[in-house]
Amino acid sequence: MIRSLRWKGAAFTVPFQLGFVFLYLLPIGYAVYQSLYTEQSSGLGLGGSTETFSGLDNYQQGLTDSAFMGSVLRVVLFACVQIPVMLLISLILALLLDAVTARAAGGFRILLLVPYMIPGVVAALVWINLYSPEVGPLTPLGESLGFDWNFFAPSMVWPSIGNLLTWHGIGYNMVIIYAALQAVPRELFEAARLDGASERRIALSIKIPHVRGALVLTGMLSIIQMLQIFNEPALFRNVTPQTVNDSFTPIMIIYNQAFNAGNYHYAAALSVLLALILGVASFLFYRLTSREAD
Amino acid sequence: MVLTEDRTKKPPTRTVRRLGRPDRAARSRGGQRFLLIGLVLASVYSLFPVWWLIVAATKDRTGLYQSNGLWFSGMHLWDNLHQLFTYDDGIFLRWTANSLLYAGVGSLGGTLVALATGYGLARFDFPGRQLVFACVVGSFLIPIALLTLPLYLMFSEIGLVDTPWAMLIPCLINPFSVYLAKVYTESTIPFELLEAARIDGAGELRIFFSIVLRMMTTGGATVFLLAFVNTWNAFFLPLTVLRGEENWTLNLGLYNWSGKRLESGVDLTSLVLTGALMSIIPMAIMMVAMRRYWRTGVTLGALK
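Just so you know, the sequences run in chain order U and E.
So in the working numbering, spot 151 of the first sequence is number 151, and the numbers just go up one at a time.
Throughout, the working numbering is defined as the position within the second sequence, counted from one, plus 294.
Hint data in this document are derived by calculation from the structure and do not stem from the laboratory.
The C-beta atom is built at its ideal place from N, Cα and C for all residues, glycine as well.
If you anchor each label on the Cβ, the simulated ranges turn out as follows:
1. U:Gly55 x E:Arg500: 52 to 58 Å
2. E:Leu375 x U:Arg200: 48 to 54 Å
3. E:Asp561 x U:His210: 47 to 53 Å
4. U:Gly279 x E:Ser504: 41 to 47 Å
5. U:Gly55 x E:Ser504: 52 to 58 Å
6. U:Val81 x E:Asp383: 42 to 48 Å
7. U:Ile110 x E:Gln326: 16 to 22 Å
8. E:Ala428 x U:Val76: 25 to 31 Å
9. U:Asn256 x E:Gly422: 37 to 43 Å
10. E:Asp561 x U:Arg287: 49 to 55 Å
The task is simple: from the sequences and hints, build the whole structure.
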């Protein structure tokens, strides 16, 4: 390519590069910088406060902070249950769509995607009200079936949030898996049928292996999102602050450290730690799933 | 029936060919019914909360608290809407306008930046290209808190906190949009076309604005739509950078209303539900109107 043309091409990416520096690199650098300092009030707290360099102290504190590590563990455990359940349902629905007539598939796909069109905050508000013992229809339904369920009880909060996330996520994940299924050459199924394979066998031995890539991708995206879960617990906290405390998830702790406790330095260290945990989790997941493929 | 017929007729190779179709159709008709039941159940699960929300928005307070949630009881939708739009001097309309502003203008700007970047990355070979692309992909893994908190501090230094700019500026840079734009450029803009335009003497800017952008309408619309949805749904960023309620988004406003009950004993449940229904409508209109684009967008972005 001609030299001048190269630079003209690079020029098209300049606005993005500038923005990336100011909105991504600089903030990250600033966060790392802040995480290395602590604020200390001088004297009796009357003379304001000074920032002093403290090395990795904030990180050490974060790694031994039982509230923070507990919240990470809580979210990871939750992810290990909710994501497989959601992906399994999405996969089954994609297989069902793939097996019915094209017309039926088109109609059901739209219906099943309706939850995805609803903003996450609104979805959470709707489900919180569905769960609510005062307004929601689920509590009377439970009573008529002989259950006395309380969706806001400490043992039920995660299943309640899990159901909300599953409801919100299956449509989107189903569409991605379905698109991968559509890309599988149809002749493969024909050939298998002629060889006497049952539909179930075709689904298990041909279709599912072909959508592995899509499953890995949706799984990865879900993990990244889950470790950063904030909206749903924050909205649940609105109605049931005694079960969803302010250190329920990692981002909630970071937010509180920054804006309620006013401890930006510690919050910065925790957000860097969370980024590292996210990176490690994604890497492990990727390695784990790509090794299985060999 | 079909099975026995199948067995008795010979030679088998020919019957498989001729009878294969009705045989499979008959077998799958029973199966189809079974599959359809599964899909219907999943659809009921997907739709009943929305149905409940629609019903709830038509009820007054007593209806909401006392009648069966899944069926109508009186028609108070207009009263609720009136209350929603007049409560607190019509703050809900203000939030709607804000959400439209942030999502509309922010996504438009972000889409333009993304299309230019995607085009530059896909069709030019310049030093550092790999690095820029690595930044794009790498940033998918950065947690929002890591960006939002320092951004808040930086914005407050230069006085942008609690202004619309605090929402609009971050929307301009969207790595996922860039990634999509690159994928679309690769599949829609042939190198030969660019060569031909250059031989005809067109400048690079002119090529981009009058050829590339025009050919990228579909891709651009998808990028815009996904960015719009993202910004409309945003919660953590506005919660962090917007303080005064006159700049809030719909999401923030509804969040605040739903917390009022425990905070100050004011029960706004009815307003929250009507407001929630209203906030879905712009989104639903967008998605239905641009259905063609976002279908390809959702799947293309995911698979490439």
